[in-house]
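> Chains as they are written, first to last, in the working numbering: chain A, 1 to 110; chain B, 1001 to 1647; chain C, 2001 to 2221.
Treat the hints as calculated values from the structure; they're not laboratory data. A virtual CB, placed ideally from N, CA and C, is assigned to each residue, including glycine. One should not assume that every hint holds.
[What the hints assert, rightly or not] One side only, chain B facing chain A, incomplete, derived with CB under 10 Å:
no., residue
1, Val1041
2, Ser1042
3, Val1045
4, Ala1071
5, Asn1189
6, Phe1212
7, Phe1216
8, Gln1243
9, Gly1244
10, Asp1246
11, Met1248
12, Arg1249
13, Phe1256
14, Phe1303
15, Ile1304
16, Ala1307
[Said to hold, decoys possible] Beta-carbon label-pair distances, calculated as ranges:
no., chain 1, residue 1, chain 2, residue 2, range
17, A, Phe56, C, Leu2078, 22 to 30 Å
18, A, Leu52, B, Leu1027, 54 to 62 Å
19, B, Leu1559, A, Phe56, 51 to 59 Å
20, B, Ile1601, C, Trp2105, 39 to 47 Å
21, B, Gln1155, A, Trp23, 52 to 60 Å
22, B, Met1465, A, Phe56, 41 to 49 Å
23, B, Asp1508, C, Trp2105, 55 to 63 Å
24, C, Ser2121, A, Ala27, 18 to 26 Å
25, B, Thr1137, C, Trp2176, 46 to 54 Å
26, A, Arg74, C, Trp2176, 23 to 31 Å
27, C, Glu2147, A, Val42, 23 to 31 Å
28, A, Lys43, B, Thr1137, 48 to 56 Å
29, B, Thr1610, A, Val42, 50 to 58 Å
30, A, Arg74, B, Ala1071, 53 to 61 Å
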Amino acid sequence: MAEHATHDQHAEVHESHGTGFYWMVGAILAIITTIEVAIFLVKDAIGNELFLVILFVLSIAKGAGVVMFFMHLRGDARIFQFVFIVPLIFAVTMCLGFLTIFSNHVGIAG
Amino acid sequence: MAIAEHKLTSVSPATAYSGSFPWRTWLATVDHKKIGIIYIVSAFVFFLLGGIEAMLMRVQLGTPNNTFLSADVYNQLFTMHATTMIFLMIMPMNVGIGNYVVPLMIGARDMAFPRLNAMSIWLFLGGGLLLYMSFLTGGAPNGGWFAYAPLTQVQYSPTAGMDYWILGLGLTGIASIAGALNFIVTVLNMRAPGMSINRMPLFVWMNLVVSFLIIFAFPTFTVGSIELLFDRQFGGAFFNPAQGGDAMRWQHLFWFFGHPEVYILILPVMGMISEILPVFSRKPIFGYSFVAFSGVGIGFLGFIVWAHHMFGVGMGPMANAFFAAASMVIAIPTGVKIFNWIATMWAGDVRLTTAMLYAIGFISMFIIGGISGITLASPPIDLQQTDSYYVVAHLHYVLFGGSILGLFAGGYYWFPKMTGRMLNERIGKIQFWIMLISFNVTFFPMHFVGTEGMPRRIYTYEAGMGWDMWNFVETVGSFFLAFSILVFIYNVIISLRSGEVASNDPWDAATLEWTIPSPPPSYNFLHIPVVNSRRPLWDAKYPHAAGDDHHGESSAPSLVRYEYTDEDTAGAKEIHMPSLTFSPMILSGGLTIAALGFIYINKDILGLPTRMAALGFILIGIVMVSVAIRGWIVDSRKDSPYLGQHH
Amino acid sequence: MSATSHAHHDEAGQAPLVGSLGVDSRKLGLWAFIGSETLFFTALITTHLIFYARTKAELTASGMFAHLDPKHFLGINLTSVLAAILLASSLTMVLALAASKAKEWQKFRFWLLATIILGSSFVLGQAYEFTHLYEEGLKLAPQFVFEGETVKSLFGVTFFTMTGFHGLHVTLGVVWLIAVYFKVRKFAASPENPMDVELVGLYWHFVDLVWVAIFTLIYLI
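Let the sequences and hints guide you as you build the complete structure.
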């Protein structure tokens, strides 16, 4: 039964954010979105490569913010992280794999 | 001491067949055991249908230039045979046995979501019936179970058959995902105290792995079939190269699902074998962790080998090399399992019951299928054999010789628990030998005709190609195979009527389901067992042998007891089980009717009236779903654990 | 979390909602479902990316890409507004959850209603976008018409399929939110309310998350 008790406490940890924290996260996500749109508008000035790098970093940060703080995955029971992150890795791998297979790269797509 | 009485028979054998059949308690049931039995019975009916389709094909192929079937009917039959056997037979049979046994094995009173469980069974049946309706409405699907594009486009498959295929499998797909989520939560979150992950029976382990495979693999199939549906209904051209689509994408999407799917078919059966072999060898499973983790390994590797089904399409040397190597790696965890099974029997006190014979038959036939599989994993050899009868031989050795022999092993093993009666062992052994020999007579020659160049999926062939004799032999073998199924049905009928009454623990087994009566009462366990080893019942019966293979785990005496309970046992009334509800069935019926309407929403048959009827069906379906959701919420409130606290 | 405190009242391991893993069964099931949905949307997005790359390659080869890029259909203004709406709804959702845990039902109703209104606005905005695109010449068909020229491309098919299924998920999410709103209103004292809110919240944030991906991968790149 000791095993159960520790899990229970573990599941409790994440419940401590105040509403001010959520407002702050929301504000940061809004700022990120604004920057994304802004760099989209000046895409030609900063060059496509830099644009893509910044965009990916910002989007990943935004997605991670939603998952970690709004969905409380950070600090929540590890099984939730497992059943979400494992398929997420599968999904990203599948996406990259399919994009490679359907690219016109000679020798892979033939 | 209760242990000493273990030969005592339970007092309540199956009574379902006396008097009028209690329809309501079955149709509105949320009991995992009843749902499991509905799964098993319906999967068996689909097994017979798929078998009849196979027999028709074998008659057609028995002699050259045969005109018994037309090419079109033959296409429908091989498509429906494979679709039935995979989606409507082996999968639901696995789910059915799992549904019945898994909660018992982990010491739970039901699945985590009983109403969702009921929805799964009715949705599966709805999907299966929808699929079979296509025979009556202008033609069954005829594009193969792999449904390769562009054969499935409207211009090549103009009947509504493929639409039935897409939506029928869509419904069973929802059922599978809902069922898999249910299994995941049940196994992870409903275990009895002390039943830690590394004490779970291997059948439970494999069901957990397979449930993850289902929720990871089905989405790509869903996307693929939705895209195909858009192609056929709305002119989408996803898979139509003539209009800018890509037929190869279907193959990739399909096999990204399709290869994990074959492990979805085999892994639960491997779990059953891992339960049966130790019991009838009177030894613990050899290398528990290796068997468990090689199952996980097979499941994981299953996701990176999909394109070995596609060597024939010319993907280029890089892709071929990668997928060939990954496929061969799968032989390692599979081999680990096989060696562990053999080592389990080694020096054991082997009892050759029917279940054990089937389990050994499984291992032997699966090894043959596995070896032909390794040859197919090599692109140069595959290019010779692909689309030939060699592949048909291979897949039947792993799916029939593997999954179905294993399911018979599971069937003979758990039949007493489910019905309270033993299957007749003498008839069972006769049936086993007829089936094993006729299976080999039917499928082994396919290696020969395949190597000699006979393509698969052809409806007839010229005489004098060197295939005549073996095809005739295969057809004769298939009749004996069909006969062995009839023997099994006979065995089930006489055993249900007058078979030996089963005790709690007729096999002298080790896991929790054998501590409770056969068949178990609706609440399963009067007292939730407390588990302190991998073989709780065995350790209770044989305390002097407890502790072996437990690797330093405490060898404290097991606390589990036989329970001789029924519905009237004192205390049983206080156990709250979820109440009967028709809502899951109404919801599934609504979705099925809406799917039927959707098939005809854009069809140019009889013009406007058809479309109006189709629209009407969709509306009726939506209304039924809405009513059912409301009823579902109301019914679930009845069983809310909090209800007593705020009233 | 109210569910936890009940765990010890029942037979160990068979507590109604919190089980052998110490988590809520429904929440575990929903997270696993979200994992499955991740693969579903990834397959749809991948489809779109593959075919867009193909259209791009063909148009570039004929020197028409700059002129006929189907991305010209997708206006950044409306999409940014939609992204902002969905993001804001995620914020109101998490505030509704916090209020439900604090048993501040007045606040809870306010934030949940705000989420419902924002979600509905998103659906309406997407409906507007779809009709707009349809009139401009982007249809569920393997070609699009741009500035009088017909281009063979699956852009419309893949775009509408992907965003359509996302819109369907948002719509179902709104229905679920409304159901929770009325359920909590009817059974205000029920201890399982925060979990009901948390579950619909998880689903809602996931739908937002998918839009984060679509916004970046489809609209911006």
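> What are the numbers of the hints that this structure violates, sorted from low to high?
1, 2, 3, 4, 8, 9, 22, 25
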